[in-house]
Amino acid sequence: MSSRIIISTEINGEPAEFLSDERDSLLEALRDRLGLMGTKEGCNNGNCGACAVLLDGRLVNACLVMAAEVEGSQVTTVEGLAEQDRLIPVQETFLERGALQCGICTPGFLVAAHALLQEHPRPTEEQVRYWLAGNLCRCTGYDKIITAVLDAAERADAPSG
Amino acid sequence: MQDLRYARASSVAEAARLLADGGPTARVLAGGTDVIVQARERTRQITLFVDIKGIPEAVDLRAANGEGLTLGAATPCHQIYGDAAVTSSYPALIDAASLIGGTAIQGRASFGGNLCNSSPAADGVPPLIALGASALIAGPGGERRVPVARFTTGPGQNVLEEGEFVVALEVPAPAPASGARFLRFIPRNEMDIAVVNVASSLRFDGGEVVEACVVVGAAAPTALVVEAAGEALVGSPLSEESIAAAAAAARDAVRPIDDMRGSIRQRRHLAGVLTERTLRDAARRARGEEVVSHP
Ligand SMILES: Cc1cc2nc3c(=O)[nH]c(=O)nc-3n(C[C@H](O)[C@H](O)[C@H](O)COP(=O)(O)OP(=O)(O)OC[C@H]3O[C@@H](n4cnc5c(N)ncnc54)[C@H](O)[C@@H]3O)c2cc1C
Ligand code: FES
Ligand code: FES
Numbered sequence: 001m002s003s004r005i006i007i008s009t010e011i012n013g014e015p016a017e018f019l020s021d022e023r024d025s026l027l028e029a030l031r032d033r034l035g036l037m038g039t040k041e042g043c044n045n046g047n048c049g050a051c052a053v054l055l056d057g058r059l060v061n062a063c064l065v066m067a068a069e070v071e072g073s074q075v076t077t078v079e080g081l082a083e084q085d086r087l088i089p090v091q092e093t094f095l096e097r098g099a100l101q102c103g104i105c106t107p108g109f110l111v112a113a114h115a116l117l118q119e120h121p122r123p124t125e126e127q128v129r130y131w132l133a134g135n136l137c138r139c140t141g142y143d144k145i146i147t148a149v150l151d152a153a154e155r156a157d158a159p160s161g
Numbered sequence: 001m002q003d004l005r006y007a008r009a010s011s012v013a014e015a016a017r018l019l020a021d022g023g024p025t026a027r028v029l030a031g032g033t034d035v036i037v038q039a040r041e042r043t044r045q046i047t048l049f050v051d052i053k054g055i056p057e058a059v060d061l062r063a064a065n066g067e068g069l070t071l072g073a074a075t076p077c078h079q080i081y082g083d084a085a086v087t088s089s090y091p092a093l094i095d096a097a098s099l100i101g102g103t104a105i106q107g108r109a110s111f112g113g114n115l116c117n118s119s120p121a122a123d124g125v126p127p128l129i130a131l132g133a134s135a136l137i138a139g140p141g142g143e144r145r146v147p148v149a150r151f152t153t154g155p156g157q158n159v160l161e162e163g164e165f166v167v168a169l170e171v172p173a174p175a176p177a178s179g180a181r182f183l184r185f186i187p188r189n190e191m192d193i194a195v196v197n198v199a200s201s202l203r204f205d206g207g208e209v210v211e212a213c214v215v216v217g218a219a220a221p222t223a224l225v226v227e228a229a230g231e232a233l234v235g236s237p238l239s240e241e242s243i244a245a246a247a248a249a250a251r252d253a254v255r256p257i258d259d260m261r262g263s264i265r266q267r268r269h270l271a272g273v274l275t276e277r278t279l280r281d282a283a284r285r286a287r288g289e290e291v292v293s294h295p
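Chains as they are written, first to last, in the working numbering: chain Y, 1 to 161; chain E, 1 to 295.
Rather than coming from a laboratory, the hints here were simulated on the basis of the structure.
Watch out, some of these pointers could steer you wrong.
[Claimed, not checked] Just a few of them, taken from the derived set where beta-carbon distance is under 10 Å, the chain E residues facing chain Y:
1. Arg5
2. Tyr6
3. Ala7
4. Arg40
5. Phe49
6. Pro76
7. Gly82
8. Gln106
9. Arg108
10. Ser119
11. Met191
12. His294
[Unchecked claim] One side only, chain Y facing chain E, incomplete, derived with CB under 7 Å:
13. Ser2
14. Val60
15. Leu64
16. Leu81
17. Gln84
18. Leu87
19. Trp131
20. Gly134
Just so you know, these numbers come straight off a predicted model, no measurement behind them.
Using N, Cα and C, we set each Cβ at its ideal position, and we do this for glycine too.
Required output: the full structure, derived from the provided sequences and hints.
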């Protein structure tokens with residue numbers, strides 16, 4: 001029989017300790033135990049990317065991670081991307097470009113795009129499309145999303161001020 | 001999710017003990033990209049996950065010069081293609097690591113999990129076979145090594161006995177003037193299961209092919225080493241004729257099925273096409289030319 005376990009981790013830069021069921025996924029723990037509803041459930045089997053989060057800086061699908069596995073790790077969800085009230089460039093360009101309609105895929109795309117730009121600050125369009133191939137969007141037709149990510153790369157590059 | 005327990009092993013011995021005590025419904029948890037789905041969808045009865053990512057040997061990645069590569073069974077793809085030594089010496093592994101699932105899957109998915117899940121279409125398996133890799137297995141009876149070519153015995157089946165697990169994959173150092181390439185065919189560029197996949201490796205000496213291995217996946221119950229393709233290639237320089245003969249041998253050897261991903265006829269055809277392409281690229285790599293895995 002599975003049992004209740006206490007998990008100590010760091011979520012969005014803050015230490016977090018929470019009670020979870022041994023058979024919870026990280027996705028279930030984030031949404032149902034911690035009330036962090038930004039991370040979405042689409043397919044629950046790794047195919048859609050709506051649940052994308054960073055685990056120790058690496059892009060993963062939260063539906064394919066057990067909550068128990070994140071003991072001692074760092075998790076970043078979409079709620080942790082903005083710095084205080086300041087959106088990061090890719091969040092701004094998503095809004096400006098209208099890169100969302102219903103919005104269910106958006107948190108996953110933002111987290112995945114953020115991971116991409118951390119690793120490849122100036123990606124080509126092809127790199128962006130490959131990197132985001134694991135994120136599905138039923139509404140936008142993708143072009144606006146790709147453009148928003150490319151814009152964000154340029155913006156982060158430009159001297160500020 | 002079915003009712004199950006989670007245990008994290010921190011040593012090989014601890015994992016072997018947990019698996020042995022857990023019996024047939026205890027499963028290793030590596031990247032979880034196959035097994036968490038199986039547990040959730042109840043396609044497999046599981047009562048215990050034994051997480052092996054806390055075992056140093058299982059997440060190791062060491063490409064010692066001249067001594068080959070030790071690849072921890074649970075090392076995720078993303079870490080593998082981020083490693084400069086592996087990228088330069090074992091590009092055929094990168095061909096596979098960079099196309100298993102998408103980026104988020106690659107953040108977790110491992111070659112050990114790919115091998116032990118034992119799908120006929122597993123993308124990690126043909127390149128491991130073409131490179132002559134072995135699986136280092138630990139269990140209640142100690143350690144043993146099994147060539148990856150003999151590891152999988154049928155769809156979802158392999159040589160592991162109760163309580164055993166794969167600690168690492170050992171890949172011999174590439175010989176001089178050798179090269180390997182892995183390619184797969186799917187209807188889109190990412191995020192699908194192979195209709196057919198092929199890995200080929202070649203070694204040259206004085207312009208002649210002296211070793212050749214062609215492995216076709218998703219076209220038989222397990223990845224298939226096409227012995228006749230190797231025979232058609234060895235003993236002469238690589239030529240249009242020998243490449244065509246190897247492709248014909250691959251088409252003859254496969255025993256594909258008809259399913260929603262492809263017909264028997266299409267799979268047979270693809271086995272030939274991918275054999276030709278992988279051989280040409282393997283020869284380029286053997287000459288030291290760069291062949292990018294994919295964008
Ligand atoms: C969206 C999606 C896309 C995918 N795309 C591809 C693809 O393109 N190509 C492809 O080949 N696969 C693909 N897969 C399948 C899967 O990602 C791969 O097979 C992956 O390599 C499995 O590795 P893992 O570490 O996640 O294994 P896990 O899920 O942790 O384990 C898989 C199985 O092997 C067992 N196991 C794992 N490690 C060991 C070990 N060291 N010793 C003994 N037993 C072990 C587990 O108990 C389980 O039965 C995809 C999966 C998803 C969800
Ligand atoms: S909900 Fe996790 S990938 Fe779809
Ligand atoms: S905006 Fe609706 S799924 Fe992407």
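Hint-by-hint comparison with the structure:
About 6 Å separates the beta-carbon of Arg5 (chain E) from the nearest beta-carbon of chain Y, less than 10 Å, and the hint is met. Restraint check, Tyr6 (chain E) versus chain Y: the minimum CB separation of about 4 Å is within 10 Å; hint holds. Taking 10 Å as the C-beta cut-off, the interface hint given for Ala7 (chain E) holds, the closest approach to chain Y being about 9 Å. Restraint check, Arg40 (chain E) versus chain Y: the minimum CB separation of about 7 Å is within 10 Å; hint holds.
For Phe49 (chain E), the suggested interface contact is upheld, since its CB lies about 7 Å from the closest CB of chain Y, less than 10 Å. Restraint check, Pro76 (chain E) versus chain Y: the minimum CB separation of about 8 Å is within 10 Å; hint holds. Evaluation of the Gly82 (chain E) hint against chain Y yields a held restraint, the C-beta minimum of about 9 Å falling below 10 Å. Nearest Cβ of chain Y to the Cβ of Gln106 (chain E): about 8 Å, under the 10 Å cut. The hint holds.
Checking Arg108 (chain E) against chain Y: minimum C-beta separation of about 6 Å stays under 10 Å; hint holds. Because the smallest distance between the Cβ of Ser119 (chain E) and any Cβ of chain Y comes to about 15 Å, over 10 Å, the interface hint for this residue is violated. Satisfaction of the interface hint for Met191 (chain E) is found here, the shortest Cβ-Cβ separation to chain Y being roughly 5 Å, below the 10 Å cut-off. Restraint check, His294 (chain E) versus chain Y: the minimum CB separation of about 8 Å is within 10 Å; hint holds.
With its C-beta approaching chain E no nearer than about 5 Å, Ser2 (chain Y) sits inside the 7 Å limit, and its interface hint holds. Given hint, Val60 (chain Y) at the interface with chain E, holds; its Cβ is 4 Å from that chain's nearest Cβ, closer than 7 Å. Of the supplied interface hints, the one on Leu64 (chain Y) holds, with its beta-carbon coming within about 5 Å of a beta-carbon of chain E, less than 7 Å. Hint on Leu81 (chain Y) is violated. Least Cβ distance to chain E is approximately 16 Å, over the 7 Å limit.
For Gln84 (chain Y), the interface hint is violated, since its Cβ never comes within 7 Å of a Cβ in chain E; the closest pair sits about 27 Å apart. With a cut of 7 Å, the hint placing Leu87 (chain Y) at the interface with chain E is violated, because the nearest CB-to-CB distance is about 22 Å. Hint on Trp131 (chain Y) holds. Least Cβ distance to chain E is approximately 5 Å, under the 7 Å limit. Residue-level restraint check for Gly134 (chain Y) holds (minimum Cβ-Cβ distance to chain E is 2 Å; threshold 7 Å).
In this structure, the hints that do not hold are numbers 10, 16, 17 and 18, in rising order.
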